[in-house]
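A.B. asks: As a plain string of letters, each chain reads:
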Amino acid sequence: MKGLKIIVLAKQVPDTRNVGRDAMKADGTVNRAALPAIFNPEDLNALELALRIKDTNEGTTVTVLTMGPGRAAEIIREAMYRGADKGVLLTDKKFAGSDTLATSYALSLAVKKLAPYDLVIAGRQAIDGDTAQVGPQVAEKLGLPQVTYAEEILSVRKGRVTIKRRLERGVETVEAPMPLVLTVHSSAPACRSRNARYTIKYRHARTLGELQDTSEDYLQLRKDRPYLTIDEWGVSDVGADVDQLGLSGSPTKVRKIENVVFTGRDSKVISGSENDIEALMKELIDSHTIG
Amino acid sequence: MANFYNDNSDLRFHLGHPLMKKIVKLKERDFAEKESCDYAFLDYEDAMDGYDKVLEIVGDICANVIAPNAESVDAEGPSLVDNEVKYARGTAENHEALTRAGLIGMSLPRKYGGLNFPMVPYVMAAEIVSRADAGFANIWGLQDCAETIHEFGSEELRDEFLPRFNKGATAAMDLTEPDAGSDLQAVQLKATYNQKNDTWYLNGVKRFITNGDADVSLVLARSEEGTTDGRGLSLYVYDRKEKAVTIRRIENKLGIKGSPTCELVFRNAPAKLVGHRKFGLIKYVMALMNSARLGVAAQSVGISEAAYREALKYAEERTQFGRPIIQFPAVYEMIRLMELRIRSMRSFLYETARFVDIYKNYNAISEERKLEADERAEQKKYQRLSDVYTPLLKLVSSEYSNMIAYDALQVHGGAGFMKDFPVERIYRDARITSIYEGTSQLQVVAAIRGVTSGIYLSAIRDMYEKETLKPELEYLKPPLEEMTAEFEKYAAHVTEANDGEYLDFHARRLVEMAGNIIMGYLLLRDARMDDKYQQAASAFIDIARAANLEKAEYIRRFNIKDLGLLKYNFDI
Chain R
1 MKGLKIIVLA
11 KQVPDTRNVG
21 RDAMKADGTV
31 NRAALPAIFN
41 PEDLNALELA
51 LRIKDTNEGT
61 TVTVLTMGPG
71 RAAEIIREAM
81 YRGADKGVLL
91 TDKKFAGSDT
101 LATSYALSLA
111 VKKLAPYDLV
121 IAGRQAIDGD
131 TAQVGPQVAE
141 KLGLPQVTYA
151 EEILSVRKGR
161 VTIKRRLERG
171 VETVEAPMPL
181 VLTVHSSAPA
191 CRSRNARYTI
201 KYRHARTLGE
211 LQDTSEDYLQ
221 LRKDRPYLTI
231 DEWGVSDVGA
241 DVDQLGLSGS
251 PTKVRKIENV
261 VFTGRDSKVI
271 SGSENDIEAL
281 MKELIDSHTI
291 G
Chain V
292 MANFYNDNSD
302 LRFHLGHPLM
312 KKIVKLKERD
322 FAEKESCDYA
332 FLDYEDAMDG
342 YDKVLEIVGD
352 ICANVIAPNA
362 ESVDAEGPSL
372 VDNEVKYARG
382 TAENHEALTR
392 AGLIGMSLPR
402 KYGGLNFPMV
412 PYVMAAEIVS
422 RADAGFANIW
432 GLQDCAETIH
442 EFGSEELRDE
452 FLPRFNKGAT
462 AAMDLTEPDA
472 GSDLQAVQLK
482 ATYNQKNDTW
492 YLNGVKRFIT
502 NGDADVSLVL
512 ARSEEGTTDG
522 RGLSLYVYDR
532 KEKAVTIRRI
542 ENKLGIKGSP
552 TCELVFRNAP
562 AKLVGHRKFG
572 LIKYVMALMN
582 SARLGVAAQS
592 VGISEAAYRE
602 ALKYAEERTQ
612 FGRPIIQFPA
622 VYEMIRLMEL
632 RIRSMRSFLY
642 ETARFVDIYK
652 NYNAISEERK
662 LEADERAEQK
672 KYQRLSDVYT
682 PLLKLVSSEY
692 SNMIAYDALQ
702 VHGGAGFMKD
712 FPVERIYRDA
722 RITSIYEGTS
732 QLQVVAAIRG
742 VTSGIYLSAI
752 RDMYEKETLK
762 PELEYLKPPL
772 EEMTAEFEKY
782 AAHVTEANDG
792 EYLDFHARRL
802 VEMAGNIIMG
812 YLLLRDARMD
822 DKYQQAASAF
832 IDIARAANLE
842 KAEYIRRFNI
852 KDLGLLKYNF
862 DI
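In order, the protein sequences belong to chains R and V.
The first sequence lines up with residues 1 to 291 when you count with my numbering.
The second sequence lines up with residues 292 to 863 when you count with my numbering.
Hints in this document: simulated from the structure, not taken from any laboratory.
The C-beta atom is built at its ideal place from N, Cα and C for all residues, glycine as well.
There's no promise every hint is true.
[What the hints assert, rightly or not] For each label pair, taking beta carbons as the anchor points, the in silico distance ranges come out as:
1. V:Q611 <-> R:S187: 23 to 31 Å
2. R:G129 <-> V:E758: 54 to 62 Å
3. R:M24 <-> V:E607: 29 to 37 Å
4. V:A293 <-> R:M281: 39 to 47 Å
5. R:R157 <-> V:H567: 49 to 57 Å
6. R:E274 <-> V:G613: 39 to 47 Å
7. V:T490 <-> R:L219: 33 to 41 Å
8. V:A293 <-> R:Y227: 29 to 37 Å
9. V:K344 <-> R:T61: 21 to 29 Å
10. R:Y227 <-> V:S744: 50 to 58 Å
11. R:D22 <-> V:D321: 44 to 52 Å
12. R:T61 <-> V:D489: 39 to 47 Å
13. V:E607 <-> R:D22: 22 to 30 Å
[Said to hold, decoys possible] In the DSSO-like style, the derived pairs of lysine-lysine whose C-alpha atoms are separated by at most 30 Å in a straight line are:
14. V:K458 <-> R:K54
15. R:K223 <-> R:K201
16. V:K823 <-> R:K5
Extracted from the complex, chain V is given alone in its bound form (with noise of 0.2 Å):
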């Protein structure tokens, strides 16, 4: 029977990775629920084993269920029947199969009806079911909120959320506005507190909201009069129970589009604050994004794992000039120029999620007792890295997945761009995820820190070359070093010139030489591990260093005084 987790064995490798002892254990605190609890783990072994059961069963849910429903989900879309979103009837399908199943809520600890998961295997989740249908995966994705109410909720919100959440409840995060998009701190929704009856109550519109109709949403909201920035805004949770909401619209999208984005206008409605006043978007939105960005960079693997199999699968088949196109080098380059970047960003998704499990679960742990000075160091390295590796890996991950989703349309010719095959509904659903939860523009705002600051370097320089090889992988560490070397020396030139525009300007070809790095350095230890791996870091690499030697070579010419041509004059 298909399985799209037994039959990645990428998947199981990058579960696989030593440094997952280190987080089970975190996770499990030491298995203290192992009597308590007769589906919790029993050891380090045990729990593994446990990911991997449940991981197949989400690949057969994903592979009989959720994929064979894709196609009429995209034809039929969500509708708007008496203000409620009525999902496609394969979606609502796919929802119920996963509800029973057990996996809503993966994260959450036992006691809120959830699996205790990681991040490792719930990401790795969240790309198998992206592969399946990455319009689903957004509203499976959105239990991430469920994360949210666990992690800065009072215990009563989280009390009377969470074990929603094992029982199917759907999520929505409530953040875009007409006139707050990228710009978050420009949120008008307003939040008024009713001492009379201590109540908050949301008067406003949201636009481009995601399962807008969700059982459970966090909705971000100015409580602090007068204020116009992101210090005024806190976050709320509301319950569609209260039904104080009207859908105005569904939007017609191009692609994801069995996910119903609505608009929504709050009236009067009754909502609970999350956590403390004025930490909405400064705290609480900006943990919620970061998981968001994690959760896009899984569904833009899982999107290019699709699109890959039907490429090569097409290739395979198709014959002209007497011969499977795949023979070509033409199309043979664009096939295996698909596989190493689905690999050097898998490694790169998987490698973020550890350090986002490791610092998380620090986080965790300090709530119910003091850290050591040690821990205390691990949760500061970890947090710091995942903060810049995470919108690193969501812009070259999604900006792949688009890359990868037009060569495999490319590979299919003229029949590619007829309804007939699943790869056009692929390249359309790839085209989001360079936009939402912050465009790849504003990962790289948020991703050059790691240039400035020199994290990135740091942890090439600390982590990835101090790394032991096996001999014979050893002639693909100078490349690597060089580009490392490249890579600091127009970083200082860049920001010594010491203005903000000439940094902005440069900032994306400097986290994508990063990026380059990083990955390089990822498929080297994936190789070290599984010879099978050897070929990819080695043609992985090449092509890396030629793409950074292109960024250098246009920084290294670039004249700062001739930034001023380029820029568009509104003043005349």
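Isolated chain R, as found in the complex (with noise of 0.2 Å):
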């Protein structure tokens, strides 16, 4: 069969499992500077089921989208490192501040320029907003089928594919049709570490506005090789409506951050015996603990 053309959606993120004390600023908001922008850790996940798909299906292309400012080239230049084709960066100064619903609807008028595609992979959700909504938003505006926590593809044939979904308390087989949006658990498989041969082939690509700023050049190569020149594209790119982005276009307003530190409080001692134990049972269960 002939190959697939997918596209995988991924953020840069700041790096929010390794929260050191000066992680927050005084005023509540996240501190970017003192926290390592790395690659959301279940858009790898999302990245490896689709070079997974591209080992398997000779042919098929993956093109990694993200939206987010002019650094985040880095994680396309990351996803190119372990396998991706190309990718675009999609960075304007009014796509910022931007909520899960202005950034789906960026995100997919990018897609609907990529056209045709099969498949649009993504991961659950961001470590920095865990709200899990980018993904199926960004299918319901592009009017197509989803299927979320996928763990594994079990087969793609005939305009179709075969997914493991991770659920709470279980597993489940679905079959859907293409195209078709994904979102990826981090159950998945990791992704897998960069190539030798791609880090090298790619290691110069450069979006414009990233060689606007270094004085690094090897121009030749570049006209002689576009892959290095990453796609860049702003709001007229995609054709989009400024009023639904940036801060007009999110109904989600952020009214107040609190700092939560959590305390300790006394410690209470249960005995072994069967009585304590169902005591505490109880007490867990009637607080909403457990069950």
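Fit the two chains together into the complex; they arrive one by one in their own frames, and the hints show the way.
C.D. replies: Okay, here's the thing in structure tokens:
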């Protein structure tokens, strides 16, 4: 069969897994400077699923689409080092402040511009917002079927994909027609590491924005090798309505951010007796700690 | 994220040595492939950046896949199922990760799917893999066999076998037999030529074969009937697909347990001749062994790095008598000594790798065109240096790795003797380094030629002594000059006696004296390039001077007539 065209949605996020003391600023906002920017973990799972399809379906191409500031081009290169064929950086000051609705609007326009495609694969959620809304919203805006919490792709045949989903209490196997939007769960296989050859090949890939900021040239090389230029699209490139973007296009308003500090309370000693254990179980269930 | 390359600034330091400019230029043939191949390097800076990025990948996989697997691989080990070696789960996962990352066949030319890496970054990768899991480093490191096929095999043989490495083919070098270990001239496995179908067939037994069930095996065999020495041996390549080898058993070893060591029986196994008949041992295996020795040296440094880090961590965390134990002189001396030894042998490792790089590149270029007179002179110079540096390096580094692993376990006290800490595995893994690819005693036999021929002395006098120093380092030079004079004196003293056995008896002392001087100068050079090495240079030279004095004193007082008293007399 001929290869598939896959679009992977990825996000560069602050690494909230290793939060230090200076992770939050005094005003309660995230101190991005103190947290390293990384490839959102579940988006890496999504990339791996896409690359596995590419491994077994000759002619498949994987395009990474990300929205963010100029430095988000780093994750496009990162994806290329691992086997993605190209990337698009959706970047514009007017995108700034977008919530999930505005983000999915912008992304869906960019996906349309990349048509035709067979699969759009995204991580389930990003570790900074933890909403798990962008993937499903993109599917809705594109009018495509969606399968969430994907863990494994069992087969891709005759325009249909069979997918294993990881649910809270087990797994479910579903089949869906392409084109299709998939969101991938962290229980899916971890992403492969960089490949040496791809890393050497794509190391000079830059967006135009990045090129303006550096003295590095290799001008002739870029002319000869178009894949070294990462596409950079702004609002006008995807034909977006500015009112539906950024803060004005985002119904989600953050009213207040609270710093929650966990404090230890008095401890309670419970013996191993049946009575004590039963009492504890009852207390935990009543307080909805478990059950 | 943990990374075994990024967390060790010594590696980048050695990668950036000025001689790399020459090596890269030679290896890339003046960047001839930059137009035709999309992953060829464009210029020197680009190549260095490329090596750096690829080593980052190695460091990532080693820290996040291979090292975490090391414990389970050690416990599980390989097994023999239906005459096939089944790797431990972790081993298979490691191999898969490195294959996927395109890190097998790194030094091969790009047309065979390789990365065309010079020895220096390739050896560096070997060091990093060894730090993660020394046993696995063997399986990965046997890609050296590809280099041998590339160096000596016909075009046809290269085309058949080399592209398979990048796709993950494993390799083995089948040399040892039950009665041919250190003495490879005694190899008996028989190769017979069948004229009818123009094929060689192998019959016989090989023992202690690392990764014996590999996809591609280089086999040393006796092709010349009636011969008894090395001149009757040829080298063959055997393809596992032929299924003509029985694996009799997998050895149960002290260390490097993840690396399958096999006893093999060849029964009419079809094989292809590598290069020319009769050159098997005297040329090809010698070359293969030299790169394998460099590999063991890299492995020794990697093991030492792992041991040192375990010891340092434990010594900082463990509190006794109200203080972390690293604050006690008896402990910090052990830790510092580890650090010094690692720094010195690592400098020695990459110095040797650079020498090998230069002459091997000239060898390869000489196949493409005639070398200029100055190029031939350089080729010869670096080949001669490599020939005596390699065994000395293997000797020193493998012995150091054993000392370091011993001390690292000692720092842990009783806890180190338990299976609870990685150091006991590292200690067991280190033990093989001074045995395989030629025991330490055999490295001395090869290295003593560097003493008798005067190559070590001229390297010291003509290269290292002439390097300019910063004024603040000048104080370190006189002790090294004294040590050199002393070495010269006692080398002459021993060789002038003109007694082979007397020379053999003191050989190890003499080559180790040379090694100490060379490493002292190398650290001095490191200190010249980066201030942070000054303390290491100073401390190492102090220790090396005392060690050489002790050896010199023993030689001085030793009466040649007393040699007889030490002998075992088997005539009785």
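A.B. asks: None of the hints should be skipped; say for each whether it holds.
C.D. replies: Against the structure, the hints:
Take Q611 of chain V and S187 of chain R: their Cβ atoms lie about 44 Å apart, and the range 23 to 31 Å is violated. As the Cβ distance of G129 of chain R to E758 of chain V is approximately 58 Å, the hint placing it in 54 to 62 Å holds. Range check, M24 of chain R to E607 of chain V: Cβ separation about 30 Å, and the 29 to 37 Å hint holds. Separation of A293 of chain V from M281 of chain R is about 40 Å and conforms to the stated range, judged on CB atoms against 39 to 47 Å.
At roughly 53 Å, the beta carbons of R157 of chain R and H567 of chain V sit within the given window of 49 to 57 Å. E274 of chain R and G613 of chain V have their C-beta atoms about 45 Å apart, which keeps the hinted 39 to 47 Å range intact. In this structure the supplied range 33 to 41 Å is violated for T490 of chain V paired with L219 of chain R, their Cβ-Cβ distance being about 55 Å. A C-beta distance of roughly 31 Å is found between A293 of chain V and Y227 of chain R, which places it inside the suggested range of 29 to 37 Å.
Evaluation of the 21 to 29 Å hint for K344 of chain V and T61 of chain R yields a pass: the beta carbon distance comes to about 23 Å. The given range of 50 to 58 Å is respected by Y227 of chain R and S744 of chain V, whose C-beta atoms sit roughly 54 Å from each other. Between D22 of chain R and D321 of chain V the Cβ separation comes to about 50 Å, which falls inside the hinted range of 44 to 52 Å. For the pair T61 of chain R and D489 of chain V, the supplied restraint of 39 to 47 Å holds, since their beta-carbon distance comes to about 46 Å.
Taken as a hint, the range 22 to 30 Å holds for the pair E607 of chain V and D22 of chain R, whose Cβ atoms sit roughly 25 Å apart. Restraint check for K458 of chain V and K54 of chain R: the C-alpha separation of about 17 Å stays at or below 30 Å, so the hint holds. The hinted pair formed by K223 of chain R and K201 of chain R meets the criterion: a straight-line CA distance of about 15 Å does not exceed 30 Å. Between K823 of chain V and K5 of chain R the alpha-carbon distance is near 52 Å, which puts this suggested pair outside the 30 Å criterion.
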